[in-house]
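**Q** In case you want the letters, here they are:
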Amino acid sequence: MKLIIDESRCKGCNLCTLVCPYNIFQEGSKLNEKGIVVPSLDRPGRCTNCRLQKLYQRRLCGVCQLICPDQAIHWVEEEPYEPLGVVIEF
Amino acid sequence: MTPSLEEWYRQERMPHIFCTGCGNGTVINCTLNAVVEMGWEIDNTIFISGIGCSSRAPGYVATDSLHTTHGRALAFATGVKMARPEFNVVVFTGDGDLSAIGGNHFIHACRRNIDMTVICMNNMIYGMTGGQGSPCTPVGAISTTTPYGAGEPVFDLAELAVAAGANYSARWTTYHVKELTKAIKAGMETPGLSFIEAMTQCPTSFGRKNRQRQPSDMIEHMKNHSILLSKKKRLEEEGKSVPDDTFAVGEFARRNRPAMGVYKK
Ligand SMILES: Cc1ncc(C[n+]2csc(CCOP(=O)(O)OP(=O)(O)O)c2C)c(N)n1
Ligand code: SF4
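Residue numbers (the numbering used here), protein chains in the order written: chain U, 22 to 111; chain Z, -12 to 252.
For reference, chain U alone in the conformation it holds in the complex (with noise of 0.2 Å):
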């Protein structure tokens, strides 16, 4: 899974950048086509529900889905889905 933020969406509240364990979300720099700075992720990979949702067959996490406002954070499948050598600490 991919985490995602829809720009057409994002206000720019940043509340993502206080809430997520691993601060993948930074505050942006940079103004997009609609004035907003829409924060920076930050090796997203490192999201545990883009590494284990496919493992547990459910969402894990998703505080900065749950937080957002404005309906902006999503996840989407990657294409073609690869497992890539996740760590899987029991």
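There may be inaccurate statements among the hints.
In silico DSS-like cross-links for lysine-lysine, where the CA-CA straight-line distance does not exceed 25 Å [to be verified]:
(1) Lys75/U <-> Lys165/Z
(2) Lys210/Z <-> Lys196/Z
(3) Lys210/Z <-> Lys165/Z
(4) Lys165/Z <-> Lys220/Z
(5) Lys252/Z <-> Lys165/Z
(6) Lys169/Z <-> Lys75/U
(7) Lys169/Z <-> Lys210/Z
(8) Lys165/Z <-> Lys23/U
(9) Lys219/Z <-> Lys169/Z
One side only, chain U facing chain Z, incomplete, derived with CB under 10 Å [to be verified]:
(10) Lys23
(11) Cys31
(12) Gly33
(13) Ile88
(14) Cys89
(15) Pro90
(16) Asp91
(17) His95
(18) Glu98
Think of the hints as simulated: they come from the structure by calculation, not from any bench. All residues carry an ideal CB built from backbone N, CA and C; glycine is no exception.
Based on the hints, put chain Z with the ligands in the right spot on chain U.
**A** Same frame as chain U, but now just chain Z with the ligands:
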């Protein structure tokens, strides 16, 4: 197949009109996540609201919805539940809507214990009309009608619901998204009236005047000034003082009083 989370939103109406960083969107997320976990159907769920920013929320939910007059959401919801008890009824309301103009409807809906879920987005202010003080404006807060700081005691809505007889009552904030989702789900599972108070940030009308200009400042404030109900009770038992500027979060009541309008298959 029960509908997925995406199907519960009216995607074509997004992005919504709420201001940047407004907590109302977060409360919609938590509610719809709880609804998906409940496995409800879009066709037999109805979202009802009064007037205010918070009350625009049902406009972004795919179900049938009623956007009614100021303060009267619970009156309309009572009608819906009596006419069609098989419907799952959810009410979105603001603090002004619920506790000021709609105060009487609120206490009587709790007293009758009508089977519905009431979610109050308490932003401590009248957001839509430009930031007048509401019965939930904290003491000392600046609003357009309290330029020297609000002086009146605050309504504790979650306690009010308990006293008036609701079967479920809880309070969380938009920082506590997981707990809020769980509380909403628990409320939906409980027969009778379930009241969930979600403290939200209104950066535009509240934060701007109270030195919390950024949405994140307001979230930090709520995080630092909320105290778990169990901890508050423990402090009181030990005879220690609870800090004045905090508010309790947690589950205030979950009980089984006789309820009205519970649908029996
Ligand atoms: C009968 C009536 N009185 C007053 C108003 C004006 N009015 C519109 S929204 C509002 C305040 C709503 O505040 P609240 O319920 O706290 O919701 P918020 O906007 O803060 O989410 C008021 C007083 C109205 N629309 N109808
Ligand atoms: S005025 Fe306040 S409550 Fe209304 S949309 Fe803006 S931030 Fe939200």
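**Q** Next step is simple, just say for each hint if it's right about the structure.
**A** Here is how each hint holds up against the structure:
1. Among the hinted pairs, Lys75/U with Lys165/Z is consistent with the structure: their alpha-carbon atoms are about 21 Å apart, no more than 25 Å.
2. With a C-alpha separation of about 19 Å, the suggested pair Lys210/Z and Lys196/Z falls inside the 25 Å cut-off, and the hint holds.
3. Among the hinted pairs, Lys210/Z with Lys165/Z is consistent with the structure: their alpha-carbon atoms are about 14 Å apart, no more than 25 Å.
4. Note on Lys165/Z and Lys220/Z: the hinted pairing holds, with a Cα-Cα distance of about 23 Å set against a maximum of 25 Å.
5. Proximity of Lys252/Z to Lys165/Z is assessed by CA-CA distance (about 31 Å); at most 25 Å being required, the pair is judged violated.
6. Of the pairs offered as hints, the one joining Lys169/Z and Lys75/U holds, with about 24 Å between alpha carbons and a cut-off of 25 Å not exceeded.
7. Of the pairs offered as hints, the one joining Lys169/Z and Lys210/Z holds, with about 18 Å between alpha carbons and a cut-off of 25 Å not exceeded.
8. With a C-alpha separation of about 22 Å, the suggested pair Lys165/Z and Lys23/U falls inside the 25 Å cut-off, and the hint holds.
9. About 21 Å separates the Cα atoms of Lys219/Z and Lys169/Z, which keeps this hinted pair within 25 Å; it holds.
10. Against a cut-off of 10 Å between C-beta atoms, the interface hint on Lys23/U is violated, since the closest Cβ of chain Z lies about 16 Å away.
11. The interface hint given for Cys31/U holds, since its Cβ lies 8 Å from the closest Cβ of chain Z, which is under the 10 Å cut-off.
12. Checking Gly33/U against chain Z: minimum C-beta separation of about 6 Å stays under 10 Å; hint holds.
13. Interface hint at Ile88/U: satisfied, since its Cβ lies 5 Å from the closest Cβ of chain Z, which is below the 10 Å cut-off.
14. Nearest Cβ of chain Z to the Cβ of Cys89/U: about 7 Å, under the 10 Å cut. The hint holds.
15. With its C-beta approaching chain Z no nearer than about 3 Å, Pro90/U sits inside the 10 Å limit, and its interface hint holds.
16. Checking Asp91/U against chain Z: minimum C-beta separation of about 6 Å stays under 10 Å; hint holds.
17. Because the beta carbon of His95/U sits about 9 Å from the nearest beta carbon in chain Z, less than 10 Å, this interface hint is met.
18. The criterion of a C-beta within 10 Å of any C-beta in chain Z is not met by Glu98/U, whose closest approach is roughly 13 Å, and the hint is violated.
Hints 5, 10 and 18, counting from the list given before, are not met by this structure.
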